[in-house]
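Undergrad: With the sequences and hints as input, model every part of the structure.
Protein chains in written order, with my numbering: chain Z, 102 to 436; chain Y, 102 to 436.
There could be a bad hint or two in this list.
Because identical chains share one entry, a pair is satisfied inside a single copy or across any pair of copies.
Below, simulated EDC-like cross-link-like pairs (lysine to aspartate or glutamate); rule was C-alpha separation at most 20 Å, straight line [claimed, not checked]:
id : residue 1 : residue 2
1  : Lys129    : Asp255
2  : Lys168    : Glu250
3  : Lys129    : Glu248
4  : Lys233    : Glu155
5  : Lys129    : Glu250
6  : Lys355    : Glu248
7  : Lys347    : Glu207
8  : Lys233    : Glu109
9  : Lys168    : Asp208
10 : Lys105    : Asp385
11 : Lys114    : Asp255
12 : Lys114    : Glu335
13 : Lys392    : Glu207
14 : Lys129    : Glu335
15 : Lys355    : Glu144
16 : Lys233    : Glu199
17 : Lys168    : Asp364
18 : Lys347    : Glu359
These are computed hints drawn from the structure, not numbers from a lab.
Spelled out, the chains give:
2 protein chains.
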Amino acid sequence: MKLKDIGEFGFIKRVTRGCLIRPQHVVKAVGDDAAAFVPRHGEVILLTTDLLVERIHFLRNATSGYKLGYKSLAVNLSDIAAMGGTAREAFISIAIPETCEVEYLEDLYEGVKSLAVEFDVNILGGDTTGSKTDLIINIAVVGTAPENEILYRDTARVGDIVYSSGFLGDSKAGLHLILNNIHADSETFRQLLKAHLLPKPYLREGRFLARRDGVHAAIDVSDGLSSDLGHIAEQSRVGIRLYAEKIPISQNLKQFCEQFNFDAPAYALSGGEDYTLAFTVSRDSAAAIEKDYFSQFGFPLYPIGEVTDSKRLELVCQDGEIKILTSSGWDHFRK
Amino acid sequence: MKLKDIGEFGFIKRVTRGCLIRPQHVVKAVGDDAAAFVPRHGEVILLTTDLLVERIHFLRNATSGYKLGYKSLAVNLSDIAAMGGTAREAFISIAIPETCEVEYLEDLYEGVKSLAVEFDVNILGGDTTGSKTDLIINIAVVGTAPENEILYRDTARVGDIVYSSGFLGDSKAGLHLILNNIHADSETFRQLLKAHLLPKPYLREGRFLARRDGVHAAIDVSDGLSSDLGHIAEQSRVGIRLYAEKIPISQNLKQFCEQFNFDAPAYALSGGEDYTLAFTVSRDSAAAIEKDYFSQFGFPLYPIGEVTDSKRLELVCQDGEIKILTSSGWDHFRK
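TA: This is the structure we're talking about:
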């Protein structure tokens, strides 16, 4: 079905069904000049926004509408997770080229809604418009957190242990499969693809960490671990030393790197879009937090290094050599 | 200067100067995973977002970066105005093609900032990315309002007088000049162009109206008066009767319509992007509100019709004939 057959307002009517997931404290949902909602008493508002552009962030024929919608919301939820917040309301702006079918777009909204339901997030509004060539999606997400529990990038302290909440590099490997037209004919490849197309937002985990004393700084790994930890180091005016042998690498990535002859720790360090949390914890809180985290979530935290006073990002290689890392993550304008 | 010479983070450093206009109640501005700010005590949060796409909403060579930035924020402020709110924080997502120079983009941010300063709005964050062909700008604006003062679309009452806060159709005439490559060689044409490229957000006026008893429903005229009043009529389950002779038409538009042989009231009714407020007021409050508005702002309010129980949008023509109006405003997918 073509959009021109149902028109802008017909389309909006179709996709807004099921968007109001948590009606409490919503004063006005979709359908007016702006949405209106009551903030959480005593909490600070968090706001993040991410723009996804066809041929830059995704290839329309390499993902389904559902997965694209899911990921568009997931990357925003991940930012709220990295602040230690609770995600509350989402706003979807979409610019749609004529080549895009209504069915693809309905599938896209289903992907957004399925993740919104999982995390009790309302879709309260947005904007719908045309586009000459590329499909464009901007999502803004409002979250909340108690002011004294928010996790920043500039609060790491010398001596902290640096953690990742999950495996690194899987998403980059999934992207490699897509860009090189490699058919995902094994469970290994399918899992790597999934890491790229359906990233997990660590919202519950971020909230858990934010409540604990001793968790100092946090970021989500979107541009690549070394680039993102570079932000923490720069903004906190500290250094970070990572240990190659401690970088958490999945069995899937190990197999992938063996098959394609990549160095797995280097691949994991420079991989973007993992959307795990990278964070720092004071040494005397670390053991208790690791233990309680595992008993709550059933997954371990991965200690990968420590905060130093060197102001540099260093990697201790498996042979003991120390390399200075530069921000080798993603920069949208430098190629 | 090219973006690839300064990189994504170099660009962000340049344009974020001067973005924090009102530091009070801001917990974290640009530079973390999300912005954090304290909501206004006892007020509701309003949130609106608008996506502007090159070749759909603007032609890069027909406007300056400054004007494009100004308008991108203005259309969002207009939505907050139509809810009767105070605009507080803005978030700019931008996708930039390689053909776009740093100077154009800095000019764009200057346009955003000049309007932000005028209305005491912070620019607290956003997203910066690449684009293959088109320049894309999404702005989200957070506003606040006391819950009992918000102006909705679904609260018009039979018997209300319908107003516009300004002239209609000027913006459409300005767009006509651009699309037909007509050089703006007269003050008349320059004013029409200005109405299209630098629309005024009626924020102070919206706040004034929201505080007054008797103001019932409001919308901003973005798609065209008949389309936008159609939303009020449909959502309020009422009809609206407009009088052609009362549609406020500027001297500039009169001259333009004479020169190009257009019917001025019809042109004004179907013109989009005026960003005036259209609203309804109970008959017994109307005179006092008109008077106080004029003494506060120095501009009149224009009564253009009344709310009826017909559920139709009607236009009483200058010869007395009554026409049924359909929503002849802008639909992004029906051409």
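Undergrad: Each of the hints needs a verdict: does it hold here or not?
TA: To see whether the hints hold, each was checked on the structure:
1. Lys129 with Asp255: Classified as between: cross-chain Cα gap 11 Å, same-chain 36 Å, threshold 20 Å.
2. Lys168 with Glu250: Classified as neither; 32 Å inside a copy, 40 Å across copies.
3. Lys129 with Glu248: between (26 Å within a copy, 10 Å between copies)
4. Lys233 with Glu155: both (12 Å within a copy, 8 Å between copies)
5. Lys129 with Glu250: between (29 Å within a copy, 13 Å between copies)
6. Lys355 with Glu248: Neither: 41 Å inside a copy, 56 Å across copies.
7. Lys347 with Glu207: For Lys347 and Glu207, neither the intra-copy (42 Å) nor the inter-copy (43 Å) Cα distance is at most 20 Å.
8. Lys233 with Glu109: within (16 Å within a copy, 25 Å between copies)
9. Lys168 with Asp208: within (8 Å within a copy, 37 Å between copies)
10. Lys105 with Asp385: neither (62 Å within a copy, 44 Å between copies)
11. Lys114 with Asp255: Classified as between: cross-chain Cα gap 16 Å, same-chain 43 Å, threshold 20 Å.
12. Lys114 with Glu335: between (46 Å within a copy, 14 Å between copies)
13. Lys392 with Glu207: neither (42 Å within a copy, 49 Å between copies)
14. Lys129 with Glu335: between (41 Å within a copy, 16 Å between copies)
15. Lys355 with Glu144: Intra 43 Å, inter 53 Å, cutoff 20 Å: neither.
16. Lys233 with Glu199: Cα proximity of Lys233 and Glu199: in one copy and across copies (8 Å, 17 Å).
17. Lys168 with Asp364: neither (29 Å within a copy, 49 Å between copies)
18. Lys347 with Glu359: Only inside one copy: Lys347 and Glu359 sit 18 Å apart there, 77 Å across copies, limit 20 Å.
Comparing the model with each earlier hint shows violations of hints 2, 6, 7, 10, 13, 15, 17; every other hint is respected.
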